[in-house]
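Visitor: Sequence:
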Amino acid sequence: MAILGVGTDLARIGRFRDFLHQGKTALIDRLFTAEEKAYALDRKDPAPHLAARFAAKEAFLKALGLGLREGMTWHDMSVARDDLGKPSLVLTGAAALICRTRGVGRVHLSYSHDGDYAQAVVILEEP
98 MAILGVGTDL ARIGRFRDFL HQGKTALIDR LFTAEEKAYA LDRKDPAPHL AARFAAKEAF
158 LKALGLGLRE GMTWHDMSVA RDDLGKPSLV LTGAAALICR TRGVGRVHLS YSHDGDYAQA
218 VVILEEP
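The numbers in my numbering rise by one with no breaks, and the one at position 93 of the sequence shown is 190.
A couple of the hints might just be wrong.
[Said to hold, decoys possible] The list that follows gives simulated cross-link-like pairs (lysine-lysine, DSS-like), each with its CA atoms no further than 27 angstroms apart:
{"no.": "1", "residue 1": "141", "residue 2": "183"}
{"no.": "2", "residue 1": "134", "residue 2": "183"}
{"no.": "3", "residue 1": "121", "residue 2": "159"}
{"no.": "4", "residue 1": "183", "residue 2": "159"}
{"no.": "5", "residue 1": "121", "residue 2": "141"}
[Said to hold, decoys possible] Using C-beta positions, here's what the derived DEER-type ranges look like:
{"no.": "6", "residue 1": "224", "residue 2": "111", "range": "32 to 42 angstroms"}
{"no.": "7", "residue 1": "203", "residue 2": "118", "range": "34 to 44 angstroms"}
{"no.": "8", "residue 1": "223", "residue 2": "115", "range": "32 to 42 angstroms"}
{"no.": "9", "residue 1": "198", "residue 2": "118", "range": "39 to 49 angstroms"}
{"no.": "10", "residue 1": "211", "residue 2": "132", "range": "19 to 29 angstroms"}
{"no.": "11", "residue 1": "138", "residue 2": "98", "range": "32 to 42 angstroms"}
{"no.": "12", "residue 1": "187", "residue 2": "209", "range": "14 to 24 angstroms"}
In case anyone wonders, no lab produced these hints; they're calculated from the structure. The structure displayed is predicted, hence computed values, not measured ones. We put the CB at the ideal spot given by N, CA and C, even for glycine.
All chains, please: the whole structure from these sequences, using the hints.
Guide: The following block contains the structure:
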């Protein structure tokens, strides 16, 4: 299996804490799916969870080398977790189509948050 792309991103948690305290719900709604928001907002401090999910989306875009183009939106990428807590990136819409077109078979995601920052790494692999 060949690696097609690697992306990484670092997000400042305080930025997302500020968004929440300032009531920037339109921005939060634009960046995150309903499932992502529900997961994060159910936590005592949602900011680290939002920052990690944003970092994951940015890392994915960097791995693709594309950015938000070709009709892709923030909602075409959604971070999910399995029963054991392992994260995955669920792709729909334009993101899924672009990955199929570019021969991406698997998307690997790892993220973490500690202190002031959340970070994520995405690896795109052939089928």
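Visitor: All hints, please: hold or fail.
Guide: So, going through the hints one by one against the coordinates:
no. : hint                          : result
1   : 141 / 183                     : holds (20 angstroms)
2   : 134 / 183                     : holds (18 angstroms)
3   : 121 / 159                     : holds (26 angstroms)
4   : 183 / 159                     : holds (21 angstroms)
5   : 121 / 141                     : holds (18 angstroms)
6   : 224 / 111: 32 to 42 angstroms : holds (39 angstroms)
7   : 203 / 118: 34 to 44 angstroms : holds (38 angstroms)
8   : 223 / 115: 32 to 42 angstroms : holds (40 angstroms)
9   : 198 / 118: 39 to 49 angstroms : holds (40 angstroms)
10  : 211 / 132: 19 to 29 angstroms : holds (24 angstroms)
11  : 138 / 98: 32 to 42 angstroms  : holds (37 angstroms)
12  : 187 / 209: 14 to 24 angstroms : holds (19 angstroms)
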